[in-house]
Amino acid sequence: MSGIFHASILFLVSAGLQVVFGVQKIFNLACGSFYALGAYVGVSAVQAYAAAGGPAGFFIVPLALAGLAAGLVGVVVERGLLRFVYERDETFQLLLTFALVLMLEDTIRLTWGTSPLSTGGMYLVYGQVRLLGAAVPVYNLIVIAASLVIAVGIGALLTRTAFGRIIRAAADNREMAEALGVDMRWLYARVFTLGTALGTLGGALVIPATAAMSEMGIELIVEAFAVVVIGGLGSMRGAFVGALIVGVLRSVAISTYPELEMLLIYLIVIAVLVLRPRGLFGTAATAT
Amino acid sequence: MTGRVVLALAGAGVLVVPCVAPTYHVLLMLPFMAYGVALLGLNLLFGYTGLVSFGHALFIGIGAYTGAFLTSKFGVRSLEAILVASAVLGALVAAPVAALCVRYVKIYFGMLTLAFGMVFYTFVLKFYRVTGGDEGTPYLRPSLLGFGLEEIPKTDYLIGPYYYYSLVVLALAAAVMWRVVHSPFGLCLKTIRDNPAKAETLGISVRRYRWYAFMISAVYASAGGALLGAPIGNVDPTLAYWTHSGNLVFMTLLGGFASFFGPLVGAFAFIYLEDALKSLAPSFWRLIFGAILAAIVIFAPGGLLGLVRRARPLGVSRA
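One line per chain: the protein sequences are A and B, in this order.
Each residue of the first sequence is one higher than the last, beginning at 1 in the working numbering.
Each residue of the second sequence is one higher than the last, beginning at 1001 in the working numbering.
No wet-lab data here; the hints were simulated from the structure.
By construction, the Cβ of each residue, glycine as well, lies at the ideal position given by its N, Cα and C atoms.
All the given hints hold, so there is nothing to weed out.
To spell it out: a stretch of chain B is covered by chain A in this simulated footprint if at least three of its residues, at any positions, have a beta carbon under 8 Å from a beta carbon of chain A; those stretches are: (1) 1103-1110; (2) 1113-1122; (3) 1283-1290; (4) 1297-1306.
So that you can see chain A by itself, here it is in the shape it has in the complex:
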């Protein structure tokens, strides 16, 4: 079960990575840093909420809101930095997001300090249930359900709304979409913010179960990276299945043979890249 919990968080972050890659063709190395940012903002929000005397049972509300609000940093990043490099080679785009990783890491350290922060006892506020012989915190189930709802929501957004149609059109053929009157600046700012918000929300939601640490971002990015490679770059279904595979395999490996934990995942990544470079659900257009 902890594997599925981890998978739901991974899904949120990877979904953010995918939507950005799908439309803007930028592989955002900073998505892990956004995740860490969301975690810290979430901790602060919950602490403020507890200090203000809010009922513990509803701590998830300020937590999720803080996670979503932290996503607004995406607008700043997109307008302030990324928009300058859309015409450049993707190497430069990749490096710019690497610069973001460095900048955000220190911003977080400066703002929240270096010691791990946690939300205290909030994790078990909802109690535990016994499932398949193991005690599972109800909070995990809430997060799993929330990320399923978000998955369905993103699916609906992409297939049923005008905005979703524009996103898919732009992902398929940018010039054509632009020629048909889609304002790319408007679209890119929104898509990047959506991607960022998914990452920060993932960070906020994971936080009751663990503690916010400044390294959590660069550690998560390699897992999210594994997810999108296994699932296929730019594919939402890929993010979903990839997150399940990585999350579950990781928890199985941890409980059976901890040395193999990440090694196993990277070996799968390499196998996927070699045998099926576009990933399980990638479209042919993204293959080399």
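Based on these hints, arrange chain B on the given structure of chain A.
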């Protein structure tokens, strides 16, 4: 001509550094020279062949761990033997890795190299019985040209014999690389970078040439890693982490990937910048670093040498 004058001055400069500069700055030159060797290799792939590896820390790690294992577990102290062993091991690992990676370009190439780098990282991190895990493996003082040099203090050893040894290795590496990129082989790589389809129709086996370039760059990075590890004295897995690979690309870009000496300028600037920022702003040097990187990416994609060249419009692009 100005290029040669600058090169001669720089050469003379590094020769006298240990005599005139404070010990501290001489010590900073050691990682510069080690990275210099590694980056000459990385740039054969990045600047000349057009493939950006986000996993070259893998080979830095192989070189450094080779040195650490040979000195502390097998009693081999000769740095010549370590360099050769690093290069051979780097090539052995690179052969299959490169064969798989060169089937892809652009983002897929970057991702695959990153994945291989992380495989190595997790391997050395998790198998702590062999590698010491995150505590690392000690890299004992290597002997140079058969001289043990055990009797002199470590600092004197590093700023004296080790300094000049690194310098010779760097000079040799640069001379060989200069021959490589100015050979017909180097021209083929540039053709592949600029127009792979045309290269293929001209009869160049694109994949095979990319593989050669990857192999050479891996050998260089491994040798650089062996040089890098000795002054530190201890080799730990962070050398192979993906952010280290990112830093390697950062250095190359900082100096300018479009010119032969760009990576060396980049390594030099990076080391000194990092050192200065760490002492000036210990709590937010990464922030400034990131901002500098972002500024270079946005405003000066040609790096420092690109800026110089822009200021001197008569300069001829060599790349």
